[in-house]
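Read off the chains here:
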Amino acid sequence: MVPVADYIGLSAILFTIGALGVLIRRNPLVIFMSIELMLNAANLAFVAFTRMYTALSMAGGGQPVYSGQIFVFFVMTVAAAEVAVGLALIVTIFRTKHSIDIDNLNSLKG
Amino acid sequence: MNAELLAFIILAIIAIAAALGMLFSRSTVYSALFLVLNFGTVAVFYILLNAPFIAMAQVSVYAGAIMVLFLFVIMLLGTEALPPSRALPWQRPLAIVLAVILFAEAAYLLFIRRVAAGDVPQPIQAFGSPQGVGNALFASYLLPFEVTSVLLLIAMVGAIVLTIREKGK
Chain U
1 MVPVADYIGL SAILFTIGAL GVLIRRNPLV IFMSIELMLN AANLAFVAFT
51 RMYTALSMAG GGQPVYSGQI FVFFVMTVAA AEVAVGLALI VTIFRTKHSI
101 DIDNLNSLKG
Chain A
1 MNAELLAFII LAIIAIAAAL GMLFSRSTVY SALFLVLNFG TVAVFYILLN
51 APFIAMAQVS VYAGAIMVLF LFVIMLLGTE ALPPSRALPW QRPLAIVLAV
101 ILFAEAAYLL FIRRVAAGDV PQPIQAFGSP QGVGNALFAS YLLPFEVTSV
151 LLLIAMVGAI VLTIREKGK
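Order-wise, the sequence lines are chains U and A.
Quick note, in my numbering, the first sequence goes up one by one and the last residue is 110.
Quick note, in my numbering, the second sequence goes up one by one and the last residue is 169.
FYI, nobody ran anything at the bench for these hints, they're computed from the structure.
Be aware that one or more of the hints could be misleading.
[Stated by the list, open to error] Cβ-Cβ distance ranges computed for the label pairs, FRET-style:
no., chain 1, residue 1, chain 2, residue 2, range
1, U, K97, A, V150, 43 to 49 angstroms
2, U, S99, A, I13, 44 to 50 angstroms
3, U, F74, A, I16, 33 to 39 angstroms
4, U, L105, A, L153, 24 to 30 angstroms
5, A, P144, U, T96, 35 to 41 angstroms
6, A, L142, U, A59, 25 to 31 angstroms
7, U, L105, A, E105, 27 to 33 angstroms
8, A, L20, U, T96, 32 to 38 angstroms
9, U, A59, A, V157, 44 to 50 angstroms
10, A, Q131, U, L105, 44 to 50 angstroms
11, A, I112, U, S99, 45 to 51 angstroms
12, A, I112, U, A42, 16 to 22 angstroms
[Said to hold, decoys possible] To spell it out: a stretch of chain U is covered by chain A in this simulated footprint if at least three of its residues, at any positions, have a beta carbon under 8 angstroms from a beta carbon of chain A; those stretches are:
no., stretch
13, 11–24
14, 35–48
15, 51–60
16, 63–71
17, 75–81
18, 86–96
Backbone N, C-alpha and C fix where the C-beta goes; we use that ideal spot for every residue, glycine too.
Start from the sequences and build out the full structure, keeping to the hints where you can.
Okay, here's the thing in structure tokens:
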């Protein structure tokens, strides 16, 4: 079977790609997608650790532990709420400024 | 090399390639479609990790609802490709250096802890069934579950309030 460390490594790679996307892209929609990618990488690490912890617990005669998977469920809910509000903000900004390039969004700059 | 490891390596390559394609596509629509491919491969990882309920939630919530919303907004705004604007010249090299530092930290932690996380026994087949997840969700996590419903309601009201047009404007 695949060691848990491999899943954690993949999760680290995906998280790094997401962070790079937030830093180098200037389209807010792509930045949003990169944030989703980072949340997804964290979810993958949660599920991998859940399996490792449950396997160790059950090998010792304990109960299965579902906390990690349920936390992933909550992360998905929060991500859905975040996307709904964030996309509404982007639509509103596009209506007032007719552009969504984040280099132009410096109206609050002192 | 057994079959599960081979499947993991192929899927990992697809997932990383899709993430890089999302990052470097010129068109936002291509970025969104690459991200759907990435979410699909991660859903297969969830099945390999004894989490079929999470995998189905991933496909329906992420690849279904969230990405459809993204594509809808991309096409509504008509900003598939932004015109190239004057970029900060040091932005891209600095971002790459920071990303390399972040990944080096993660890889360092992973390698010094690798021995502790070595081989783990396989849990029994019943682990990860939707029944078990449902029992835990409604027995131990009932209050957080109800709070998420309030959170979704607030998000829904907030999205409507932000985008509604007042009459006479």
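Quick rundown of the hints versus the structure:
| no. | hint | verdict |
| --- | --- | --- |
| 1 | U:K97 - A:V150: 43 to 49 angstroms | violated, 32 angstroms |
| 2 | U:S99 - A:I13: 44 to 50 angstroms | violated, 37 angstroms |
| 3 | U:F74 - A:I16: 33 to 39 angstroms | violated, 26 angstroms |
| 4 | U:L105 - A:L153: 24 to 30 angstroms | holds, 29 angstroms |
| 5 | A:P144 - U:T96: 35 to 41 angstroms | holds, 37 angstroms |
| 6 | A:L142 - U:A59: 25 to 31 angstroms | holds, 29 angstroms |
| 7 | U:L105 - A:E105: 27 to 33 angstroms | holds, 31 angstroms |
| 8 | A:L20 - U:T96: 32 to 38 angstroms | holds, 34 angstroms |
| 9 | U:A59 - A:V157: 44 to 50 angstroms | holds, 47 angstroms |
| 10 | A:Q131 - U:L105: 44 to 50 angstroms | holds, 48 angstroms |
| 11 | A:I112 - U:S99: 45 to 51 angstroms | holds, 47 angstroms |
| 12 | A:I112 - U:A42: 16 to 22 angstroms | holds, 21 angstroms |
| 13 | 11–24 | holds (count 12) |
| 14 | 35–48 | holds (count 7) |
| 15 | 51–60 | holds (count 7) |
| 16 | 63–71 | holds (count 5) |
| 17 | 75–81 | holds (count 6) |
| 18 | 86–96 | holds (count 7) |
Checked against the numbered hints above, the structure violates hints 1, 2, 3; every other hint is satisfied.
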